[in-house]
Amino acid sequence: MIEVEPFSRVIWRWGVPPKYKIALEASHRAMSWAEYESVVRGYRPCDVVHLYPETWDRELKRFAEDGLYFVPIQRAKPVSGFAHRFYEPTGGRFMVYGVVSPSLSDAMRFVRAHEGRPCDHETIGILLGYPECCIRFFVENFPKGILDPVWRVEHEGEDPMLNVMLRYFGPRIIPFFPCSYTCRQARRVAEKFYGLLREYDEDLAETILEMLSMPMVWSMYKSVIQVTTPLFTGICNGYWEPQRINVYWRGDPERWAKKLPLQYKWFLSEIRFQFGDNIPLLNPP
Amino acid sequence: MMPYMDCPLRCEYCFEKPVLGTRIEANLDAMTTVLNRIYARGSQVSLHGGEPLAAPIEHVEALLQATYRLMGRSAVQTNGLLITDRHIRLFKRYYTHVGISIDGPPELSVLRRFGDRPESGREVAKKVNENIAKLRENGISVGILCVLGRHNAGDEEKLGKLFEWVEWLRSIGVSSGRFLILKACESRLEKYALSPKEVGEAWIYLYRRLKRIAWEYAWSPFRDVINALRGRTNQVVCWLGCCDPWLTGACYPIFPDGTTGLCDRSFIRGLYLRPEGRPLEIRAKILKETDCKGCKWWGYCHGGCPYDAEDNDWRNKSSLCPAIKMLFEEISQHHPPTSKPVEVRPGYQHGDSPHGDWSDHGDSG
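Chains as they are written, first to last, in this note's numbering: chain A, 1 to 285; chain B, 1 to 365.
If you are wondering where the hints come from, they were derived from the structure by calculation, not from laboratory data.
Idealized CB from N, CA, C, for every residue including glycine.
From the derived model, a few chain A residues whose C-beta atoms are all more than 10 Å from chain B:
(1) Pro17
(2) Lys61
(3) Gln74
(4) Ser105
(5) Val111
(6) Thr123
The calculated label-pair distances, taken between Cβ atoms and stated as ranges, are:
(7) A:Gly195 / B:Ala184: 46 to 52 Å
(8) A:His155 / B:Leu189: 31 to 37 Å
(9) A:Pro78 / B:Ala184: 42 to 48 Å
(10) A:Glu156 / B:Pro8: 48 to 54 Å
(11) A:Asn278 / B:Asn27: 40 to 46 Å
Based on the sequences and whatever the hints tell you, model everything.
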């Protein structure tokens with residue numbers, strides 16, 4: 001059993017149009033804005049925020065201007081890349097993880113839920129505005145050590161708005177794990193976030209959604225996640241599972257084969273090489 | 001530098017097949033700008049492909065000249081088929097070392113062939129061997145890249161013929177070579193690949209015979225294993241050195257448009273652009289704790305090439321592990337380790353000699 005420290009890296013294929021790289025880089029900030037804005041507009045009670053010493057004066061002022069309470073919860077080590085959990089700060093450097101809400105009592109409920117032992121994920125999920133079925137899914141998995149239950153999500157069909165396989169690198173519409181990749185309740189929440197993203201930048205929102213519709217393979221093995229797509233391969237830290245786990249996202253292959261034929265051909269060659277000839281992406285029903 | 005991303009041959013086992021034929025317009029200015037930048041960091045440079053000599057000869061000359069201006073020499077890795085007298089004049093002018101990819105004499109080198117004529121391997125190999133001789137007659141430095149598979153190393157008779165050819169290479173003044181291992185990138189190629197045990201046996205056979213004529217240090221992987229055991233970690237082939245497959249430190253291809261990529265072995269995945277940053281030690285970390293835990297050769301081998309990995313998953317150790325162990329056991333009898341094993345190598349930097357053979361071989365990929 002090994003633990004790999006947080007890291008993430010995106011390796012682009014040759015010849016990919018720049019708009020995708022721009023979208024990937026902008027997606028973290030855009031989604032972070034949408035999540036915060038959803039609380040300001042009263043779509044949900046709370047949002048979680050990470051404050052860094054370099055910017056917390058500006059951030060705290062922004063919260064005050066927006067009529068939000070901020071309650072700190074814990075200090076954690078700032079990491080580059082994607083963290084599935086909090087790490088103890090070392091060497092004096094830390095960030096502060098906390099909650100913002102227009103209601104002090106909601107913010108405090110969030111803090112108490114977080115500090116409870118065991119942690120009250122159900123209350124946290126409700127305060128973050130997540131669908132009940134998806135909260136239940138999370139509660140059934142995460143506390144058992146399944147830190148990244150992407151592979152446990154019911155996968156009978158696919159809705160790109162609910163695709164959470166690229167979130168380590170930026171692109172995502174929802175900030176939670178859906179219970180199913182076709183969950184209607186999750187879709188309703190996703191539409192709100194997507195609306196906000198469009199408000200932030202219409203082209204960016206559409207490009208993010210387009211990227212989430214790519215065929216892709218999510219693969220976790222030896223605590224390292226690899227996501228292979230027609231545009232890029234992303235790698236980052238995962239968590240330990242005894243076997244390699246692969247999730248095949250069918251996406252919209254015709255669209256991508258037409259849009260970027262060369263890169264799509266390479267994608268097929270690559271997944272055939274690494275995952276074999278018998279995977280669902282290479283054998284449509 | 002890869003001025004041309006196609007090749008007139010379609011060798012049966014070529015791992016570059018997915019990218020061969022990719023149309024990328026050559027931008028020599030952009031290529032030489034990147035060349036200058038990389039060279040400033042201490043790199044060794046050679047022309048590679050695809051097939052670099054299939055590029056317009058003006059492009060070949062411009063790039064050999066640019067390399068020569070920087071280094072006082074140049075290098076090319078070629079299939080050896082297209083070499084003309086004009087190329088030979090350029091090689092003399094720019095002090096070019098020529099690395100030739102060939103798998104033995106015509107009766108053995110049968111998988112390097114034209115795509116539309118599977119039977120053309122012998123004819124290709126005959127021409128290439130003639131060109132090797134011609135290069136040597138002209139005093140040009142030549143190295144060999146030979147891929148071992150069932151076609152040329154599948155039994156002792158073939159190995160015997162292969163070694164006779166190696167002796168011929170020595171007799172005409174070829175300076176060095178590398179024995180690579182045929183990788184079955186597709187399942188239909190498995191019939192050509194040696195099993196790991198057969199690879200080990202072939203390596204040991206060749207090592208023992210080379211040792212008898214005191215030429216083992218001229219050939220990879222033997223010299224690399226010797227160097228690893230002696231602690232000369234910057235003179236060890238890249239696949240013994242904790243390679244980060246997503247930011248290959250030993251190999252820094254410059255594509256025709258001046259963009260840069262990953263080691264050509266990654267071309268089986270298509271063309272990737274080189275990301276920013278430094279190589280990560282993730283693969284070394286996970287192998288040390290899993291597949292390679294407790295292995296006495298870890299500090300010399302570091303899991304082997306990620307593109308030879310078991311199940312074609314770079315998060316696994318090399319599928320050639322049993323062969324690598326056999327080779328270390330064999331060579332360490334003659335060259336006992338004189339240095340402490342290196343737990344996690346920092347990864348290659350430019351200026352290291354990833355294949356330990358640039359000056360007399362020329363293949364950077």
